[in-house]
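Listed below, chain by chain, are the residues.
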Amino acid sequence: MILLFIQPLLYGAALLWEKALFAAITVQAGYLLYRGVTLGRLPLVGLHDTLLFLSLSTAVLSIPFWVRIRPRKGFFRLTAVASLLFSLLGMLSRPSMMPLPPVLKTFWFELHVVLSFLSYGLFGIAAVLGVIFLLNRDAAMGRMMESLQYRAVLTGYLLFSLSMIFGGIWAYFAWGSYWLWTPKELWTTLLWLTYTLYLHLRFRPYWRGARIATIGIAGYGVVLFTYLGVGLLMKSSHSF
Amino acid sequence: MGIIKAIFNIFRSLRMANILLFILMGTMVIGAIVMPLFPSYRRINTTSLFSWLSVTPLRETWWLYIAILIVALLVINTIFCTVEALIKKDRNRRWPLVISPQLIHLGFAFIMLAHLLSSYMAMQGFVMLNEGGGIRFSNGDTLYLKRIEYQLQRGYITDMKAEIAYSDNRGITKRLISAPNRPAFIRGTGVYLKDVEVMPARRALLQISYDPGARWALVGGILFIIGTTLLVILKIRQEAV
Chain W
0 MILLFIQPLL YGAALLWEKA LFAAITVQAG YLLYRGVTLG RLPLVGLHDT LLFLSLSTAV
60 LSIPFWVRIR PRKGFFRLTA VASLLFSLLG MLSRPSMMPL PPVLKTFWFE LHVVLSFLSY
120 GLFGIAAVLG VIFLLNRDAA MGRMMESLQY RAVLTGYLLF SLSMIFGGIW AYFAWGSYWL
180 WTPKELWTTL LWLTYTLYLH LRFRPYWRGA RIATIGIAGY GVVLFTYLGV GLLMKSSHSF
Chain D
0 MGIIKAIFNI FRSLRMANIL LFILMGTMVI GAIVMPLFPS YRRINTTSLF SWLSVTPLRE
60 TWWLYIAILI VALLVINTIF CTVEALIKKD RNRRWPLVIS PQLIHLGFAF IMLAHLLSSY
120 MAMQGFVMLN EGGGIRFSNG DTLYLKRIEY QLQRGYITDM KAEIAYSDNR GITKRLISAP
180 NRPAFIRGTG VYLKDVEVMP ARRALLQISY DPGARWALVG GILFIIGTTL LVILKIRQEA
240 V
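Order-wise, the sequence lines are chains W and D. Counting with numbering that gives the first Met the number 0, you get residues 0 to 239 for the letters of the first sequence. Counting with numbering that gives the first Met the number 0, you get residues 0 to 240 for the letters of the second sequence.
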């Protein structure tokens, strides 16, 4: 339990001392591992676990970008703040201690959830890069941010598409159809369409630069609403 | 000839794809808002989409018709774009970079074909059977629930399975097991164990589903992922910082 309370403190400390990020990642991974061992399954059910996993995904996936960006302080702080925020929200949510319902006992579900949150992490990083792009006046730095945002979105798009396909396979074995007409599924498709549009718009020179960076930021708004808004407000197979 | 070429040029364009994607996003937002407002949407997943559309008032479903139209136009746009890319074969570009978006497009087209098949021909039904009981279908085949098993942990069902038997009209009987995430398949139709009850009688809720689009959706998904993976590798290399 102590690990749960230490991790946001470490993310907070990372804002002052960068290397504390690695300690935060280790502690958070340790906590999730502990929960996994205690529950005898992947701890990815309910807001508590998924918010902590999103926090961890954002922090871990920011590292390959972090090492490329110079100067990196702005990027580092924004991603650390995002991880801190998700970590705090996760801490405030009640952990699910219930046994897993039979329909969730399949690796298709596990792959679906893990890949979703990894892609959400990358989309979050893309949004941070977009914000830095918009705040930056240096042209070379701007080009680098835009290029890195594109890489984050493209990789996130691959993971998210994989997650949707695994979700479809799971749905077929669990509910008899790979697609269900629910608001959550529509929002998930909307999220996928948002990044499909991003990737297509970027081919056109008119959209390059500030416009595409803004769409990368707006896309994360759709991510957060699809994850939190729809999960909390609408009844579906994804309700919390 | 000029008109055909003009239509081809409009439909193959990236601008057209972007406009269609944007409109489709709008219909999805409307759909997500409209769906919880009408009770008819509680039945949408219990039959094929087109059967459901045929009995549901247009004022509740108009956005779905627009979405279907936009998706159809997107598929045409995708096919035209792919045809053009393959005919052009830009010599300056490496072939994996040319082929990977086309694999993605092909995958998308297969997934949409799957949706079309499912929307026309998918079937679903539910039946509650007592242990030892059965149900006879209109073609003379019979489904029996032989035995149910379940595990309880702190009052929650943590595992369950049902042994079923299926006799066709020639008297050939197959014994199968159905469990959550492990449906029993009989000639492409799945028998899904949805729930078990022990009081007042030992019985199980079974779902019988047929989704002809599933295998095409899987083919489409595989093509889509191969194309996207290839594109990610190539583009990340290309986008040197």
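Just so you know, these hints were derived from the structure itself, not from any lab. The structure displayed is predicted, hence computed values, not measured ones. Keep in mind that a hint or two might mislead.
[To be verified] With the C-beta cut set under 8 Å, the calculated list includes, among others, these residues of chain W facing chain D: (1) 93; (2) 113; (3) 134; (4) 138; (5) 171; (6) 185; (7) 192.
Even for Gly, the Cβ is constructed at its ideal location relative to N, Cα and C.
Legend entry - Status of the residue 113 (chain W) interface restraint (C-beta, 8 Å, chain D): 16 Å, violated
Legend entry - Restraint outcome when residue 134 (chain W) is required to lie within 8 Å of chain D by C-beta distance: 18 Å, violated
Legend entry - Closest C-beta approach of residue 138 (chain W) to chain D relative to 8 Å, hint status: 14 Å, violated
Inset, instruction - Would you check whether residue 93 (chain W) satisfies its interface hint, that is, whether its CB is within less than 8 Å of any CB in chain D? - result: 17 Å, violated
Inset, instruction - Classify the hint on residue 185 (chain W) as holds or violated, based on whether any CB of chain D lies nearer than 8 Å to its CB. - result: 4 Å, holds
Inset, instruction - May I ask you to test the interface hint for residue 192 (chain W) with respect to chain D, counting a Cβ-Cβ separation under 8 Å as satisfied? - result: 5 Å, holds
Inset, instruction - Mind checking the CB of residue 171 (chain W) against every CB in chain D and telling me if the closest is under 8 Å? - result: 5 Å, holds
When held up to the earlier numbered hints, the structure conflicts with 1, 2, 3 and 4 and fits the remainder.
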